[in-house]
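Engineer: For chain S, the structure is supplied; the task is to place chain B on it using the hints.
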Amino acid sequence: MTAVRFQVAVVLVAVALCTAMSSAALAQKKYDSGASDTEIKIGNIMPYSGPASAYAAIGKAEEAYFNKVNAEGGINGRKIKFISYDDGYSPPKTVEQARKLVESDEVLLIFGSLGTSTNGAIRKYMNEKKVPQLFVASGASKWNDPEQYPWTMGWQPSYASEARIYAKYIMKEKPDAKIGVLYQNDDFGKDYLKGLKDGLGAKASMIVLADSYETSEPAIDEHVVKLKAAGADVLISITTPKFAAQAIKKAAEINWHPMHIISNVSASVGGVIEPAGLEISQGILSATYTKDGSDPQWNTDDGMKKFYNFLTQYDPKANKLDAAVVFGYAAAQTMAKVLQMCGDDLTRENVMKQAAHLKDFAPDTLLPGIKINTAPDNFVPIEQLQMMRFKGKKWELFGEIISSETGH
Amino acid sequence: MSAAEDVVTEAPAVEAVPKRAMTLGTGTSLLVLAALLIMPVFVKNFIIFQMTMLLIYGLAVLALNILTGGSGQFSLGQSAFYAVGAYTTAVLMEHFNVNYALTLPIAGVVCFAFGFLFGQPALRLSGVYLALATFALATAMPQLLKLNFLEHWTGGVQGLVVTKPDAPFGLPMSQDMWLYYFTLVVVIAIYIFSVNLLRSRSGRAFMAIRDNEIAASAMGVDVALYKTLAFGVSAAVTGVAGSLGAIAVQFVAPDSYTITLAISLFLGMVVGGVGWLPGSIVGAAFIIFVPNIAEGISKGLSGAVFGVLLFLVIYLVPHGARQVAILGQQFAGKLRKN
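These protein sequence lines map, in sequence, to chains S and B.
Taking my numbering, the leading residue of the first sequence gets 5, the next gets one more, and so forth.
Taking my numbering, the leading residue of the second sequence gets 89, the next gets one more, and so forth.
FYI, nobody ran anything at the bench for these hints, they're computed from the structure.
Some clues are possibly wrong.
Said to hold, decoys possible - Here are the simulated SDA-like pairs of lysine to any residue, each with C-alpha atoms no more than 20 Å apart in a straight line:
#1 Lys132/B with Gly275/S
#2 Lys72/S with Gln317/S
#3 Lys128/S with Phe237/B
#4 Lys134/S with Asp109/S
#5 Lys85/S with Gly384/B
#6 Lys194/S with Phe237/B
#7 Lys132/B with Glu110/S
#8 Lys387/B with Tyr59/S
#9 Lys363/S with Lys324/S
#10 Lys324/S with His261/S
#11 Lys128/S with Val179/B
#12 Lys104/S with Gln246/B
#13 Lys194/S with Leu235/B
#14 Lys146/S with Lys387/B
#15 Lys252/B with Phe237/B
#16 Lys387/B with Ala58/S
#17 Lys128/S with Asp254/B
As the list claims (entries may be wrong) - A few chain B positions that, by computed beta-carbon distances, are all more than 12 Å from chain S:
#18 Val120
#19 Gln263
#20 Val311
#21 Gln411
#22 Ala420
#23 Asn426
Said to hold, decoys possible - Pairwise CB distance ranges (calculated):
#24 Pro222/S with Asn236/B: 18 to 24 Å
#25 Val273/B with Lys34/S: 41 to 47 Å
#26 Phe130/B with Pro372/S: 34 to 40 Å
#27 Gln231/B with Asp149/S: 25 to 31 Å
#28 Phe377/B with Lys395/S: 39 to 45 Å
#29 Lys133/S with Gln417/B: 44 to 50 Å
#30 Gln301/S with Gln231/B: 40 to 46 Å
#31 Lys133/S with Ile276/B: 29 to 35 Å
#32 Asn236/B with Asn259/S: 30 to 36 Å
#33 Gln231/B with Asn323/S: 30 to 36 Å
Glycine included, C-beta positions come from ideal geometry on N, C-alpha and C.
So that you can see chain S by itself, here it is in the shape it has in the complex (with noise of 0.2 Å):
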């Protein structure tokens, strides 16, 4: 009787143990489709042909980085597969592909599709499904609306914070400037332009004149003259390379010479200073939040040590100049990031709660002390940049890391 007795007990521990064990796995373990205890399926989507192709090497380098976490053991055990397909920068095309991604391909989410208005195509389709769009590679402000949009995010400092940092120092190094703002008449330039105003706040009537330029004029000589005639004695140059560099030739040639601040967007050494000169570039200002790939005082940084070692060992094409490069590397790093944070319970509400919770979380390939941070109502990962001045022929950084917000 003892022994039958003792055996009924054995069981039912047994059978009780089985089901704590089983219903504690049980909530450990949470997939969406897109997610198994092996893989974790990521889409992409990215300019592979088309107009905008410059921007696909961001797309290789995101690839070649999820090569790498897999080749380390990948993330909690688990293999990323990444997908990544082309739309030729077209919407129509972005959201065929973005449907096949989550009805197709079933993956978890899309994570860093390029462009604005391919992912504007999507938002509200992603939205509706509810499937994360994670870190949106464009610099429009539209992607922070946690409320509207929950589960869209972007990466980049939109324009608009980059504007209010500007904003910023020229009221702390210029109170009583005169500005004259150039500005390209697209949703780049008018994003840019609100930025700067939000950030003058009650001062916006800093700015003397506000002129706009079309993309399809050959020259904006006539604007340039037309800032100095006003009497503005800081330029701000919201413009795209050529006309960048066209604005620094004609301010030379009728000398004038403002506090010249220029867009993160044509920062280039090689693509917009040297080609306008580098004798009359002297001084002019700009603002960054990336690592330079081909500036020397970064060959003993630890971040980018990591950077060049993986773009010997997994990305051997890929030119380390290139800026795209950089941003991959360090919105792939993001990714990986927020995946990890989720441990087990890998359903896309989770990763939306994860990526709305990131940390001080600093990528290798961005300036230090800039840190990614986002709260449930603060969809803008990063917000802080460093202003740069160019003297001889590199960018120096100068002063603190200024965040974007406007402390109100």
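Structural biologist: Then chain B, alone, in the frame of chain S:
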């Protein structure tokens, strides 16, 4: 046998298309229709969406086919008409809350007027010069849509988001499936209209102009009127395709309607067979699916792979799907004789 006789007995595929040969036989038509009707029941929503896009691009290619295959005028500006149609629908739906089905005829009328007006100056041009003029229209369109004073309506560079309609009367089908059937009905209606148009007096006038303008005017065809009319009809049909496209994609932006779209449509027409209306769907399938296949073969070289595939098609079957269909018919005929 002399060389001259050889030429005469050559396959008929090369000749100008007679009006009967512009369509499929009744049996084949019904078969294709049945397939299109049943298909959505068995596939995923994503495939239904792709099929919807196939029909929409097919419609746009059909419109170009009426213009080029019917009246012999070239156009590289179809993307402009497509954009006008898409924006008409998007603006009406989002700013004026007009029902999506009602926006289609409005888009058609707006585009007809636009195409008819554009046809006036185009009258003075022909062949490659006309192609260039329409090319200018296609390049200008994305910039026009960004204009400041239109921005309040068009949303500028940011574009407009369009709400996808639900199935009416509480029908138990997904939005995608409903939109597919809606598109299918519109496309079939326009297809039947086009076939009848080309078989009518106007259609004969179009073809007379295509084959020989001087002879046509000698026969009493008002060349100017019919040429602009062809432009108008083609623009209207393209506009309807554009509005369907806006509803299916749920988004319009200037970047969606660049010259690439116009070239794709042109390409679809050539691959489908110029002047053979059923080929429009084949051409549309080519411009939608072949880039995906090319991407699958090589991501970095997708453009080159696409080029090679296109070259193969043009080299092997220069008259596109029409030639394949005719060869198939001849083969079937031989089988029957034996």
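Engineer: To test your reading of the hints: which numbers does this structure violate?
Structural biologist: 1, 3, 9, 10, 12, 14, 15, 19, 26, 28
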